[in-house]
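Given the coordinates of chain A, work out where chains B, C and D should sit on it, guided by the hints.
There are 4 protein chains.
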Amino acid sequence: MIKVSIAGGTGYTAGELLRILIHHPQVQIESVVSTTSVGVSLSSVHRDLLGETDLNFSDSIGSPDVLFLCLGHGISQKFLQKNDIPAKCKIIDLGNDFRLEPTFQNRTFVYGLCEQNKEAIKKADNIANPGCFATGILLALLPLANMKELKNEIHIHAITGSTGAGKKPGETTHFSYRDSNMSVYKAFDHQHLGEIKKTLSLDQAVSVPEIQFVPMRGDFTRGIFASVYTKWNGNMSDEEVITYYKDYYKDSPFVFVSDDNISLKEVVNTNKVLLHISFHNAYIHITSIIDNLTKGASGQAVQNMNLMCGFEETEGLHLKGSAF
Amino acid sequence: MIKVSIAGGTGYTAGELLRILIHHPQVQIESVVSTTSVGVSLSSVHRDLLGETDLNFSDSIGSPDVLFLCLGHGISQKFLQKNDIPAKCKIIDLGNDFRLEPTFQNRTFVYGLCEQNKEAIKKADNIANPGCFATGILLALLPLANMKELKNEIHIHAITGSTGAGKKPGETTHFSYRDSNMSVYKAFDHQHLGEIKKTLSLDQAVSVPEIQFVPMRGDFTRGIFASVYTKWNGNMSDEEVITYYKDYYKDSPFVFVSDDNISLKEVVNTNKVLLHISFHNAYIHITSIIDNLTKGASGQAVQNMNLMCGFEETEGLHLKGSAF
Amino acid sequence: MIKVSIAGGTGYTAGELLRILIHHPQVQIESVVSTTSVGVSLSSVHRDLLGETDLNFSDSIGSPDVLFLCLGHGISQKFLQKNDIPAKCKIIDLGNDFRLEPTFQNRTFVYGLCEQNKEAIKKADNIANPGCFATGILLALLPLANMKELKNEIHIHAITGSTGAGKKPGETTHFSYRDSNMSVYKAFDHQHLGEIKKTLSLDQAVSVPEIQFVPMRGDFTRGIFASVYTKWNGNMSDEEVITYYKDYYKDSPFVFVSDDNISLKEVVNTNKVLLHISFHNAYIHITSIIDNLTKGASGQAVQNMNLMCGFEETEGLHLKGSAF
Amino acid sequence: MIKVSIAGGTGYTAGELLRILIHHPQVQIESVVSTTSVGVSLSSVHRDLLGETDLNFSDSIGSPDVLFLCLGHGISQKFLQKNDIPAKCKIIDLGNDFRLEPTFQNRTFVYGLCEQNKEAIKKADNIANPGCFATGILLALLPLANMKELKNEIHIHAITGSTGAGKKPGETTHFSYRDSNMSVYKAFDHQHLGEIKKTLSLDQAVSVPEIQFVPMRGDFTRGIFASVYTKWNGNMSDEEVITYYKDYYKDSPFVFVSDDNISLKEVVNTNKVLLHISFHNAYIHITSIIDNLTKGASGQAVQNMNLMCGFEETEGLHLKGSAF
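Chains A, B, C and D, in that order, give the protein sequences.
With our numbering as the guide, the letters of the first sequence map in order to residues 164 to 487.
With our numbering as the guide, the letters of the second sequence map in order to residues 164 to 487.
With our numbering as the guide, the letters of the third sequence map in order to residues 164 to 487.
With our numbering as the guide, the letters of the fourth sequence map in order to residues 164 to 487.
Simulated from the structure, these hints should not be mistaken for laboratory data.
Among the hints, erroneous ones may be present.
All copies of an identical chain are treated as equivalent in the list; a pair is satisfied when it fits inside any one copy or across any two copies.
As the list claims (entries may be wrong) - Cross-link-like lysine-lysine pairs, in silico, PhoX-like; alpha carbons within 20 Å at most:
hint	residue 1	residue 2
1	K394	K349
2	K331	K360
3	K251	K285
Okay, chain A solo, but in the shape it has when bound (with noise of 0.2 Å):
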């Protein structure tokens, strides 16, 4: 059984981890903090965990063994900067402030992509957990870049739903624009693909080729569907390339390979994560989905707390799907 806190506690990943952890066995929580709610209870802001929890938002961490930052990008460091840890307390960082540059103070984060990553991340005492979009569209890489197929140009769209554009309301999430609307933002510039690029490149010698990735933003809440080509030129059988897949990620308990097409929702509020392989005009196409604020963030944020604290991959992380 270990403490842990929450850092940010309003937002959407905050009350994502909550939804999570209150069932987790091996989990008490310690402190829930936001700067603008504290005393009120978790339940007026998270109105789903009415029942399940009787906790007030506080103003201090307390004592955790392991702290979650659910702050906005950027904000990690001030807050790193304004609070002082205790060495002992590890750190999973939801943000993108330590994905690309992992030393801050005297903390080293490892990027938590668990599935290719997981033996430095069980002896992490910090994590950068990856975005989203890098989650989805590096699972569909990956095997590519380990059987050093990877040379070629990649096409990428993905589609993503309003969930990761975060709480604040605005322009592209009011209802009356993003109901049975699509649109595009940050084309072929989001950055997630720094993330992307440095993960690729340490599974493959050779460098990684250029990324065209489109953003879109979908009229669904959660979720990511990423559709990535590129050609295939290598000598492998298709079949031989879907069993390479299948084999490395056979220890990933959260990845499967389909056979047949997948639909978004197949994974929604869990945290799996969907492939499908197909190959056309010599392109190998992958689609790939995810639940943005689960296997995209919260949820990863779990798997990577259960690494480093010795606990089952897979522990508190059983969820049922909606599949509706």
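Chains B, C and D alone, transformed into the frame defined by chain A:
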């Protein structure tokens, strides 16, 4: 050909007015006023108007024949106090400032429910355009009032689309909240009850019965679905009542009584109203559907303009429904 | 550890049962029967189960301790006539065959509304699992019945998600029809009225008043939002009534009374029920929300199984809500 | 004034044609043919037409000046074989029977992409109306073909609304499946690739490059969002390319180039096409949006009719967008 101007030009009802007026054969748009966007093109705010108009927002109404006020509730009065509108300029107010208190300055506002008040509207110089819920509910009940059979308590649930809540984003119009969600607000206490009761009382000598009205937020953008029932102890047969409804609306070009059950999208993006009437357990049950932005706001405003200006009541309002 | 089987394994409620039972610590799945898909993997039909189970559909129930019937209404009887189920095998029927007529063959079916009938359920061998609308509405009204204050006519509108209509595609579950749409069906005449009235009558000596119930189809997949009101002329204060509700459900681990307004997604994908109570115009107004597939069907079935088998009532039902 | 008839009158594209033609000032509807609903009112099938027309479905086309074929793919040929259509009756086929094989019986079908083929359409007696994906994609690419700069591989993801899949309900148009979902289908192999390649090849002497096209199912009813990119190594500046696009479409009353990012609902329920062009990583990226039922089918069919019959190209097509 008349000249019209719009005050409050960046909001949803102004945008919808523009979508209709741009194609109205008798109308020339004189000016669209905004306090925040002067000099900016209309289509940069109402993005779907790209290619339909080259107008910019202005800081002056110019000299229109008809002025539409698309201001927030309570702001129309302030606007008239601050701006000197020529007496000969007709005014159609889409807010609720003059629905219950029709006299202001030297102007008297006629309640603009065309189906009930057509002759007065034809002679009016100023119109208080009805509220969206009020429109849907009144059109369900007016024939009963007219036959003096509105004697018993009235029970109403009505579900509205998100555009009824306006453009400013907030918690209950956040896509992540609203999508696939359902909630009640202002139960038994909605501000449209005033104009509903006042209007019904005009049509029957006896007093209006109690009205229990539960408004709900639906997870769609356009439309109001009202389900209305009241004890029926009149001495007409069911068929006679339905015939009475059809007769009552025979000169109303936008209101139709359906013999079959109705579903909201049968009127979305049109100025139409569909009613369906059935009898159960000694109750008469009327379902009523409108598009809150057209018949519930801007379409009805144009209908009023048509009547006031001597045009065909349906001019510019032959709108293709979206149906899906 | 018990063995359970499911008949009617390809439908929505069977899929939802599997999503729950797969992670239930006291359950082993013995057999999932289908007449159409024998030999096919469960995950080829319930696609989100990929990676969670390797089972195939079977043509035999095997020898389970508990058998769930997930058959269409009217088919459970036929199934029991055709198949010889050992007397010691407990049966939980998710259809409506035994809710009003509890005796069949040598079996007597106990109405499985756990919050009202817990002691009988604990001793039961056969359960008639309540209907989804009935569950949401009964939990709103039972405390009033219990205090003998259910004396006046009851007015209900309740909106259901599309999964309530089952898997077979049809006109009103076609996405092009249902999306952003709203409609009424079976107004004043829904088949769940029977079990609602029967259940309420058990809890109060006097007769149950008239119930006016308008069911609606919502454009979401999961959940029921019920808005219920009835004249309040008891002599408790508003606060005393609310306290009575909270006391009534204090031993019900899934039912909570919210002091704030509630919205449907606060319970979606959980077995929870939230109620909110307010008073207006001499009426008591209760809003009630459930997930139709979990608390309204398969979750409640597992809750019944837990009680019948002596497990914790909440075992396997600590479900993470989707919240968004 | 011309007389028009519709064969295949109960489907989605026929309904949409009727919504447009009913208000077309130059058109009188002669007959709407159905094999299944003869004698039944149009509005009992296309429910939103209640109050707009009193016509019934017929078993004969009568003697129209223009006949629209709204039949399933492959059925138009059979219809022409079975029915003796007078030579002077113009035909507009909304299916794909004559897009690639334009000659049938004594008729030659002109490809009805008005923006590319206007002069031929004006003289045509028979039109093969383009496919919906083809329309959105071709309008994104034609200016590049026209400037002979379509030399490099083309990458396309395009997401379609559910109405593209027609009226017959099925697994992937079931609301419980489609709502909040996303999926890929016919990846790299969609049947519209044929007409896309054929049409592009007409506009540039050199051969059309490879096209990689991934179609997706979106969870909205109307619209196609296409994201298209190809290597740009022409010697125009970015601004010159954008100007070239605007010039290319200057006589096309429905196509507009937006300087800002576009979102799907800016064209829904209209016959408009919006394009947005940007440059990244040596690629030109074009996003293109249409409504699949109007510009992608029935609206374009009316546009073709207008051109063939000497009417204004926009007659009857000044459609109010739904915008929300």
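Structure-based check of all given hints:
1. K394 x K349: between (24 Å within a copy, 18 Å between copies)
2. K331 x K360: neither (29 Å within a copy, 39 Å between copies)
3. K251 x K285: within (15 Å within a copy, 48 Å between copies)
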